[in-house]
Amino acid sequence: MTVVILDCGSGNLFSVAKALAATLPGDKKESDIVITDQAAILAKAEKIILPGQGAFARCRQGLVSRPGVLAMLAQKTLVEKTPFLGICVGMQLMVERGVEHGDHPGLGWIFGSCEAIKPEKSLKIPHMGWNDIELTESGKTHPLLRGIKDGDHAYFVHSYAVTGCPRENLLATTDYGSDITAIIGRDNIFGTQFHVEKSQQLGLQILRNFWQWDGSLGIK
Amino acid sequence: MLKTRLIPCLDVKAGRVVKGVNFVQLRDAGDPVEQARIYDAAGADELCFLDISASVEERAPLLDLVRRTASQCFMPLTVGGGISSIAHIRALLLAGADKVSINSAALARPALLREAAEEFGSQCIILAIDAKFAANDDPGTPPAWHVYTHGGRRDTGRDAREWALEGASLGAGEILLTSMDRDGTASGFDLSLTRAISDAVSVPVIASGGVGSLQDLVDGVKIGGASAVLAASIFHFGQFSIFEAKNYLQQQGIAMRV
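From first to last, the protein sequence lines are chains V and U.
Be aware that the first sequence starts at 239, since it is given in the numbering used here, and climbs by one per residue.
Be aware that the second sequence starts at 12, since it is given in the numbering used here, and climbs by one per residue.
Calculated lysine to aspartate or glutamate pairs in the DMTMM-like style (CA-CA distance at most 25 Å, straight line): (1) V:Lys266 x V:Glu318; (2) V:Lys356 x V:Asp417; (3) V:Lys362 x U:Glu130; (4) V:Lys267 x U:Asp75; (5) U:Lys233 x V:Glu358.
It should be emphasised that the hints constitute simulated quantities derived from the structure, not laboratory data.
This structure is a prediction, so every number in the text was calculated from the model and none was measured.
For reference, chain V alone in the conformation it holds in the complex (with noise of 0.2 Å):
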């Protein structure tokens, strides 16, 4: 059993090992959390994790400089169907594009772009803090927020946002102006664009629920 935290070169990979540490199921062990920007690592993950910080593009080079975890990742989430979770740009990269810093292609797993978030007049950018979640009817019942609710708080950092998901991928939305893209997700794959990491009780539940997914969308 490996979860694969997968470096791309961002610097929070250690709060995510030591939050996945910290919700270590009974029968395993911290030698099941690895991180890596191995292909050949990644080939054996059992769940993945894609922590993303800082500029899109660059997260995405990220990706792409490593030989052969680009297409690894695709096999894995798609063909494989592990589960997966992105947690901030790694969340931003599962959609089609993103128009921080010039017009990059996303992974392209979900319909959508990332762009900026233009907040009403006086609201400070980026949106940085704590923020309640409220849950769409695909949310509430997603098994990765189960014990979740709405009102819950997740903590933002971000000045750049998912738009135009479809209806059945949009997951969770907060409220900064207008509604923010909070959670998006489809069949085996899901993201956060809070720090699941640094969400105290809401981002530990759903590493809890993370462990035990094996990336069906059933019965909560």
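Using the hints provided, position chain U relative to the given structure of chain V.
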């Protein structure tokens, strides 16, 4: 809606918190790792870890201590003190910091902010500004504050408002604003300073320096316009708990995560 953040700050010197928490003193007075654990459990919104002697001693914060402190935090951790290079920042992020706060080094070489933001993203680059009121001979001009470095030892002569604007435009994602006039005095934030900076920049401002009562926190948000409020002594000495502070802010009409 987005909540106002309440941030306890650990001022660390030689590996120990300078102001201890009363109720853990018997076990291990001023151990930052133990205090991080307590603040995490208490529901602090973020934690700030400032190695206050690092800049003076011309070294980066202690990596092992940061690593052990981070291991107790499932909330964002900011680390500051003596950070002067991309290599420092990378090492701290890998040790578990979520954000770094840069002060003296950014004044010495402002391009560091741009390079750091390009490398790691603006979200993890905080510009710390230590500001002190500058006596103003001409009553016709608005109040001004000068920026100080090296733990408040050196006056750079730079205007705090202009420096905040420049820092944000270079890529700092947040400003940690400390009033040197108020720090440690328990007489409240310098509200006109906080308001002047907060109005000037589009990035969030964390107000710091001078909190002595829960009303001071409220004023920092309502009058000063801060996105987050930081305090040390009122929490360390057990005067108020995080829970009490958040409840008070909430009662005063400020949206908090309680």
